[in-house]
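**Q** With the hints as extra help, turn the sequences into a complete structure.
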Amino acid sequence: MKQNQEQPKYHTTLKNTKGFGWKAKTIVKDILGYDWNITTLKMSSGKISCTAQAGTLKDNDGYESFSFILFQDPLIRLYDEKRRATEKAVEEVHDKGLAKFTELLNTGKITSRDENE
Numbered sequence: 001m002k003q004n005q006e007q008p009k010y011h012t013t014l015k016n017t018k019g020f021g022w023k024a025k026t027i028v029k030d031i032l033g034y035d036w037n038i039t040t041l042k043m044s045s046g047k048i049s050c051t052a053q054a055g056t057l058k059d060n061d062g063y064e065s066f067s068f069i070l071f072q073d074p075l076i077r078l079y080d081e082k083r084r085a086t087e088k089a090v091e092e093v094h095d096k097g098l099a100k101f102t103e104l105l106n107t108g109k110i111t112s113r114d115e116n117e
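So the sequence shown is numbered by the UniProt record's numbering: it starts at 1 and just counts up by one.
These are calculated hints, taken from the structure and not from any lab test.
The C-beta atom is built at its ideal place from N, Cα and C for all residues, glycine as well.
All clues stand as given, with none of them false.
Here are the computed lysine-lysine pairs in the DSS-like style, where the Cα-Cα straight-line distance is at most 25 angstroms: (1) Lys82 - Lys15; (2) Lys100 - Lys25; (3) Lys88 - Lys25.
Okay, the calculated beta carbon distance ranges per label pair: (4) Thr107 - Gly62: 33 to 39 angstroms; (5) Thr107 - Gly19: 36 to 42 angstroms; (6) Leu75 - Ala99: 14 to 20 angstroms; (7) Lys29 - Arg84: 31 to 37 angstroms; (8) Gly62 - Thr17: 20 to 26 angstroms; (9) Asp95 - Phe20: 16 to 22 angstroms; (10) Gly19 - Asn106: 35 to 41 angstroms; (11) Glu115 - Lys15: 33 to 39 angstroms; (12) Glu81 - Gly19: 19 to 25 angstroms; (13) Arg84 - Asp114: 40 to 46 angstroms; (14) Lys47 - Thr107: 21 to 27 angstroms; (15) Lys29 - Glu87: 21 to 27 angstroms.
**A** In structure tokens, the structure reads:
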């Protein structure tokens, strides 16, 4: 697999989860053999954190499910910042996380599924 990928096209959903605040989520399909679930939300530490979890996205009768193997599939902490978790703040942190994901991808610092097996 080639290391230097084209910049992936991101489609982000942003929603207010009842009781847990704002959450941003982006699914990126088939990058280096993995599907990636990039999520941004407020953590118990008070930081807004953006992480990328590698795994597999499955489509079953119109419903999508994302699965991964704990301690085997990569998890990358992309960006975090301590601030109030408003809609705008979560969106800004998520955008910074997506930029970091693209940077890591283009510099070959993301593990491919072939390297991990």
